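**Q** Sequence:
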Amino acid sequence: MALVGCSGLLGDIIGQTVAAQPDLDVVAELASPGREGTLPEVDADIVVWNNADEEIIAQWLAGPSRRVPRVLATLVDGQQAALWELTPHRTELGALSPDTLIQTIHDTGAAPS
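With the working numbering as the guide, the letters of the sequence shown map in order to residues 1 to 113.
A hint or two may mislead.
Here are the in silico distance ranges between beta carbons for each label pair [said to hold, decoys possible]:
hint	residue 1	residue 2	range
1	80	31	14 to 24 Å
2	85	32	19 to 29 Å
3	59	80	16 to 26 Å
Just so you know, these hints were derived from the structure itself, not from any lab.
Quick caveat, the model's predicted, so the values are computed rather than measured.
Just so you know, even glycine gets a beta-carbon here, dropped at the ideal spot from N, CA and C.
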């Protein structure tokens, strides 16, 4: 998995929650992209994008990348979350909690079996 924009209090909580799971590997930690949405291609099954701008996620997923991971986006300062899938497809997740974060990552198949 890759973590994007995981800074500040919510970013720390996300990072610590993921790090506490022995079956999850973080392969990249990236700063949030600017309004232009530039983010390098990442070799990850899922991207956890903190405080995401959904327009930028849609642009990034529609870009020329050879690999398009799922994106778990935290929204509205962590009050909401959404999962963007390969198509791209958005799934409303509701309020984000550490349990919801880990369960969503596991449900996407990002955790090794």
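**Q** Each hint: holds or not?
**A** Evaluated hints:
1. Distance hint check for residue 80 and residue 31: the Cβ-Cβ separation is about 22 Å, which falls inside the suggested range of 14 to 24 Å.
2. At roughly 21 Å, the beta carbons of residue 85 and residue 32 sit within the given window of 19 to 29 Å.
3. Taking the beta carbon of each, residue 59 and residue 80 are about 20 Å apart, inside 16 to 26 Å as hinted.
Checked against the numbered hints listed earlier, the structure breaks none of them; every hint is satisfied.
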